[in-house]
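> Could you put together the complete structure from these sequences and hints?
Chains as they are written, first to last, in my numbering: chain V, 1 to 347; chain E, 348 to 966.
It should be emphasised that the hints constitute simulated quantities derived from the structure, not laboratory data. Please read all numbers here as calculations on a predicted model, not as lab measurements. Treat the hints with care, since some could be wrong.
In silico lysine-lysine, DSS-like type, Cα no more than 25 Å apart, as pairs [unchecked claim]: (1) E:K498 / E:K529; (2) E:K612 / V:K331; (3) E:K769 / V:K331.
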Amino acid sequence: MSSPAPKPKNVNRIGLAMADYKGAPSTLCSGCGHDAITSQIIKAFYEMGVNPSHVAKMSGIGCSSKSPAYFLSTAYGFNGVHGRMPSTASGAMLANRSLTCIGVSGDGDTAAIGLGQFCHLLRRNIPMIYIVENNGVYGLTKGQFSPTADLGSALKSGVVNDLPAVDLCSIAIEFGCNYVARSFAGDPKQLVALLKGAISHRGTAFLDVISPCVTFNNHESSTKSYQWAKEHEELLHQIDFIPHFQPLETVEYDEGQTAEVEMRDGSHIRLRKLERDYNPADRAAALNLLQHIRESGEFLTGLVYVNPKAKDFIELLDLVDEPLAFLPESKLRPGPQVLDEIMREMM
Amino acid sequence: MSVSTTPTELGEDSSPQSMQQPVVNDFSIQVATVNGSGSQSSNNVLMRAIFQMGIPVSGKNLFPSNIAGLPTWFTIRASKYGYVGRKKEIDILVAMNPETATEDVLALEPGRVVVYEEKLNLQSVRNDLIYYPIPFSQLAGQVIQDIRLRKLVANMIYVGALAQMLDIEMAEVESAISKWFKAKQKAVDLNIQAVAAGAEYIRNNLPKRDPYRLERMDQNVGKIIIDGNSACALGSMFAGVSVVTWYPITPSSSLCETLIDYMKKYRIDPDTGKATFAIVQAEDELAALGMAIGAGWAGARSMTATAGPGISLMAEFSGLAYYTEVPCVIFDVQRVGPSTGLPTRTAQGDIASLYYLSHGDTNHIVLFPSDMEECFDFAVQAFDLAERLQQPVFVATDLDLGMNNWMADPFKYPLKPMDRGKVLTREDIERLHGFARYKDVDGDAIPYRTLPGTEHPLAAYFTRGSGHNDQAKYTERPDDYEKTVDRLARKYETAKTYVPQPVIRFVGASEVGLIAYGSTDAAMEECRHQLHSEYGIEAGYLRIRALPLTHHVKDFIDGFKRVYVIEQNRDGQLADLIKIDAGCEGEKIRKIRHYKGIPIDARFITDHVVEMEGIARKS
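So, in structure tokens, the structure goes:
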């Protein structure tokens, strides 16, 4: 076996260092789950060698929506209005299909004010990574419940949530999303693999990441605290991600113990079986599982559903390859003879 | 629009006796039907036949917010003087709707004409009208066996009857039918048959007893007939729009639907067969504007079209685009509000909303096209303005302009290339060693921007609806906030040099000035003529074409003792903006407000000016 050519140190495949993927210092509370997710976003984009100049970072309003400022400072950010990130992201992707789009939202931004736009984004299969940093409470307005708070969980003040939780993963599958994952800010290994898979996915990739709010929802009666999540997290499977630019080593596994998903960019997601038999390519099974764990209160994480083959919205619209934003006038403005033709028909 | 001769006094004193004098090319026809009965085809054929005879003509559809079965009125006005506004008096009523027939007949001035379904027995309603009873359903039965088609055929029979009564050339009626039904030969034949049946019935049974006649003119050579929504759609396509996001709402829906048809025909890339545009029907108006803003931010020419309720929903996003300086174009085809209001009736009621749309200090650019040519031109300009000034641009039309048929000169191809505004490329960034997104470099308060995907580490910036400084960095500092919003106010001053300037007609020795905008303009020439010929008032006229208002408005007002601002809303919204913005003496400005949901007519304005002037009619 010949030794591989020495790689330049500490740079990725496009010659950028990890530092090039960082953003402004976070202004969130120390220990916030969102900052842990930010770190994994930085790692995933760095390791995948995504060009930050081609990244659009979209968000709405809330603590989570601030976080795009804290990663990829040389990418283009758009922090819009509360609950409406899906529409601005959709518009940006229509204008420039060559962008890699990552949207960061929260449980209030997505499951309350923005639920409608979220559903329709999924339905259209807009090509983007959509992360909900889910902590069950509103942070900036000081700790009110959000719609993802579990039934019976309590605020620090003792107020008990008496409404059922909105399950964003179920909604995502219901509305046609083809990459649906649940993860935990305290599980960096799994999260980074899921993020890389999301970068490889064509269409909307949805990640519901439990991200504890250390200030308002990290107490004993919370089901979105670090302690609760650590104690209850159960992995659906072990996830390895093999990017398209790395050789796919063939490893012998026991039959039935490993499933491999080939993404459209040539990357592979390798899922190793743990306790339960689970096939993330089965949409009905995914919905069943989510229904089941909602009732049992289990905290399962992993890739819940994946179908890498579905057409995204850009393909559906059959757009030209060149971004619409950069089309020259000759492609945008029909000639005078076209106007003459139309005018003659109206005479 | 050329005016051939001076109108004689007509209208007030017309009685059956005095009407023996022929009235040629100067009257209105109202067809009363129920919606969903297919009268659209007959009315369009009728209007087009008159148009093709070279007579200036306009058509207005007064329709209900309903799919089928409620009353609808279509008014066609022929005017040798070229007046295309609504005529207050109806001269010929075609009463096809039993439900409204009596009321419609009672509303007529004495001596006018009623064409009606014989069975309705309308001649018993009053005895000072000229009646033409026609057995429409019986005649339709002779033309076609199929009961489902009879109603449609009956409508075309009144076209034939009117053609015979009014001397509309049969060849033009047939050519209009062929144009309307295009290649559907069976439909063409059937409708021509129906027209012939109507004409024949009149010829054989009803001698002419009314004075109304049409005579060929040469006023329409080279002209087109189009509605404002189609004109705006065409303007948008030739402006190079590439992202269109919309939510259906009356009366704006046909703007986007027409645009879809044109784009599919003319904006498919010939080399690849792929679309050079994306058109998305959004889930609501919030998403429609959100997508347009996302697309404008990323560098596409983007637009949405809506009406009042949609404008209300777009308030927050409008503020975002204003504050973050993102270009996009919003068409507001106004209807009657507030709330659901009268969805199928016309108004100019969104002016104040549009000007201030959003919380916080916000001023928007609003364009007011008055005719079909301007619907096209302003649509083209709106995209240039939005990108040049980096802010949303509203194009405010209304149902009257948007959905009614108007004559127009063929649109002129845009002379200037697209103005994509201050966009820095990768090379610019390299040369400049970076940039500050919101810095006023040129002194015109318009900053430079880059587009996502521009490949340079110093090209990116973070767009935020929260407080930001020159560098687009988050800030809550008082001085940063002031600096940014003060620059935005200065940018609005810069906008004054870019927006279409007012059009001024006749500024002389008169004490009376008139100000109007948008569809109200259609009544203004006629009104000024009435004021002059009937009352000796030679009123000056200024037509506003955009917000922000420019100094011309104040200059104009300064030249008159009394200025009447005529508009189609209850409160005189533009008059109030003029008082605030142009800094005029309030008592000089007088409001004339028409808010009935139907298009304003010249007589209404004239009567109000005269009353407020406190003068008696010169006779």
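> Does each hint fit the structure? Answer for all of them.
Outcome of the hint check:
| no. | hint | verdict |
| --- | --- | --- |
| 1 | E:K498 / E:K529 | holds (21 Å) |
| 2 | E:K612 / V:K331 | holds (14 Å) |
| 3 | E:K769 / V:K331 | holds (21 Å) |
The structure shown violates none of the earlier numbered hints.
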